[in-house]
Amino acid sequence: MDIEAANRDYKRPLHEAASMGHRDCVGYLLDRGVAVDCLKKSDWTPLMMACTRKNLEVIQDLVEHGANPLLKNKDGWNSFHIASREGNPLILQYLLTVCPDAWKTESKIRRTPLHTAAMHGCLEAVKVLLTRCQYEPDCKDSCGVTPFMDAIQCGHIDVARLLLTKHKACSSAEDSLGAQALHRAAVTGQNEAIQFLVSDLGIDVDVRAATTGLTALHYAAKLLDSDLHLTWTVRVKLTYEIAVGLSYLHFKGRAHRYGSSSLILGC
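Under the working numbering, read the sequence shown as residues 26 to 292, first letter to last.
You may find that some hints are simply not true.
Unchecked claim - Straight-line Cα separation of at most 20 Å, EDC-like style, residue types lysine to aspartate or glutamate; simulated pairs:
(1) 79 / 41
(2) 133 / 166
(3) 97 / 68
(4) 247 / 200
(5) 191 / 161
(6) 97 / 34
(7) 193 / 166
(8) 99 / 34
(9) 129 / 163
(10) 97 / 166
(11) 66 / 29
(12) 191 / 163
(13) 193 / 183
(14) 152 / 111
(15) 36 / 86
(16) 133 / 68
(17) 66 / 41
(18) 36 / 100
(19) 152 / 131
(20) 193 / 225
(21) 36 / 68
(22) 97 / 62
(23) 129 / 161
(24) 99 / 62
(25) 165 / 200
(26) 129 / 111
(27) 165 / 131
(28) 191 / 225
(29) 193 / 149
(30) 129 / 100
Stated by the list, open to error - Label pairs and their computed distance ranges (CB to CB):
(31) 68 / 220: 40 to 46 Å
(32) 27 / 203: 52 to 58 Å
(33) 190 / 79: 25 to 31 Å
(34) 226 / 31: 48 to 54 Å
(35) 91 / 149: 27 to 33 Å
In short, the hints are calculated from the structure, not lab data. We put the CB at the ideal spot given by N, CA and C, even for glycine.
Generate the whole structure from the sequences, applying the supplied hints.
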């Protein structure tokens with residue numbers, strides 16, 4: 026029997042065993058000399074697959090048999106980046122111990138493991154990254170998004186607080202379109218995040234995106250979907266005009282034409 030046989034996705038038995046966390050099978054295959062860094066479709070290694078399952082023992086076995094944590098898949102993610110998405114701090118600590126430079130990686134769209142951990146709300150993982158890695162406070166991906174923006178637009182306020190206090194992130198940094206975290210939170214309907222930015226951090230609720238001239242309220246009304254009810258607990262200027270002469274009421278009217286639900290204002 027060929028223990029290196031691949032299926033239509035080029036997955037070999039070691040990929041399958043690693044992805045399912047079957048340590049005995051992984052050990053059996055490694056002891057028989059299978060290629061530890063074999064690639065399946067999209068250039069995933071068995072170590073990358075293991076990092077999606079949070080199985081530290083399998084990861085250790087693969088690394089001890091020569092698996093390279095620095096290899097990247099087609100999207101530019103290495104094993105450390107994948108582990109950051111899953112959020113297990115012990116796995117991150119281990120990978121940094123055996124490969125101290127594993128954190129120095131970006132995806133093809135310039136996203137770092139810190140972006141990914143913040144986006145997925147992995148608080149303990151973010152703590153490890155801030156303690157053991159040297160990421161710039163406001164490192165930006167190809168769209169100009171910072172880890173703080175990722176945390177805010179996904180509603181992870183605990184992560185956002187940590188980035189502010191421990192990493193000195195800028196709460197008013199702008200993405201490539203001039204939008205701040207407040208605008209991005211309005212787009213995704215993150216009520217608590219908006220309240221945190223405005224009430225706790227003192228962000229001006231009427232601040233306009235540098236490129237579009239839109240306020241957060243314009244973004245919320247323009248992109249409202251049928252299930253979104255955004256409650257604003259701060260005073261907002263409803264007729265605040267932007268450069269092209271469109272107010273919130275214009276955008277709200279447009280949103281309703283596409284079947285959008287009402288925007289609840291607590292002013």
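Tested hints:
A distance of roughly 15 Å separates the Cα atoms of residue 79 and residue 41; the hinted pair therefore holds under the 20 Å criterion. Restraint check for residue 133 and residue 166: satisfied, since their Cα atoms lie roughly 9 Å apart, inside the 20 Å limit. Distance restraint check for residue 97 and residue 68: the Cα-Cα separation of roughly 7 Å lies within the 20 Å cut-off, and the hinted pair is therefore satisfied. For the hint pairing residue 247 with residue 200, the CA-to-CA distance comes to about 19 Å; that is within 20 Å, so the pair holds.
Restraint check: the Cα-Cα separation between residue 191 and residue 161 comes to about 12 Å, which is no more than 20 Å; the hinted pair holds. Of the supplied pair hints, the one linking residue 97 and residue 34 holds, its CA atoms being roughly 17 Å apart against a limit of 20 Å. Distance restraint check for residue 193 and residue 166: the Cα-Cα separation of roughly 18 Å lies within the 20 Å cut-off, and the hinted pair is therefore satisfied. With a C-alpha separation of about 14 Å, the suggested pairing of residue 99 with residue 34 holds against the 20 Å cut-off.
Using a Cα cut-off of 20 Å, the hinted pair residue 129 and residue 163 holds, with the two alpha carbons roughly 15 Å apart. Straight-line distance between C-alpha atoms of residue 97 and residue 166 comes to about 17 Å, which keeps the hinted pair within the 20 Å bound. Restraint check for residue 66 and residue 29: satisfied, since their Cα atoms lie roughly 15 Å apart, inside the 20 Å limit. Taking the CA atoms of residue 191 and residue 163, the gap is about 12 Å. The hint holds against a cut of 20 Å.
This hinted pair checks out: residue 193 and residue 183 have alpha carbons roughly 14 Å apart, not beyond 20 Å. Between residue 152 and residue 111 the CA atoms are separated by roughly 14 Å; this keeps the pair inside 20 Å, and the hint holds. Note on residue 36 and residue 86: the hinted pairing holds, with a Cα-Cα distance of about 19 Å set against a maximum of 20 Å. This hinted pair checks out: residue 133 and residue 68 have alpha carbons roughly 14 Å apart, not beyond 20 Å.
Straight-line distance between C-alpha atoms of residue 66 and residue 41 comes to about 13 Å, which keeps the hinted pair within the 20 Å bound. Annotation: proposed proximity of residue 36 to residue 100 holds, straight-line Cα distance about 18 Å (limit 20 Å). The suggested pairing of residue 152 with residue 131 holds, with an alpha-carbon distance near 19 Å, which does not exceed 20 Å. With a C-alpha separation of about 16 Å, the suggested pairing of residue 193 with residue 225 holds against the 20 Å cut-off.
A threshold of 20 Å between alpha carbons decides the hint, and for residue 36 with residue 68 the separation of about 10 Å falls inside it, so the pair holds. At most 20 Å may separate the alpha-carbon atoms for a hinted pair to count; residue 97 and residue 62 meet this at roughly 11 Å. For the hint pairing residue 129 with residue 161, the CA-to-CA distance comes to about 11 Å; that is within 20 Å, so the pair holds. Between the alpha carbons of residue 99 and residue 62 the distance comes to roughly 15 Å, so the proposed pair stays at or under 20 Å and holds.
Between residue 165 and residue 200 the CA atoms are separated by roughly 8 Å; this keeps the pair inside 20 Å, and the hint holds. For the hint linking residue 129 to residue 111, the alpha-carbon distance of about 18 Å falls within 20 Å, and the restraint holds. Of the supplied pair hints, the one linking residue 165 and residue 131 holds, its CA atoms being roughly 10 Å apart against a limit of 20 Å. As the CA atoms of residue 191 and residue 225 are separated by approximately 17 Å, the hinted pair is consistent with the 20 Å bound.
Restraint check for residue 193 and residue 149: satisfied, since their Cα atoms lie roughly 18 Å apart, inside the 20 Å limit. For the hint linking residue 129 to residue 100, the alpha-carbon distance of about 15 Å falls within 20 Å, and the restraint holds. For residue 68 paired with residue 220, a C-beta distance near 42 Å keeps the hint of 40 to 46 Å intact. The beta-carbon spacing between residue 27 and residue 203, approximately 56 Å, falls within the hinted interval of 52 to 58 Å.
Here the CB-CB span from residue 190 to residue 79 is close to 27 Å, well matched to the stated 25 to 31 Å. Under the hint 48 to 54 Å, the C-beta atoms of residue 226 and residue 31, about 52 Å apart, fit the expected range. Our hint of 27 to 33 Å for residue 91 and residue 149 holds, since their Cβ atoms are close to 29 Å apart.
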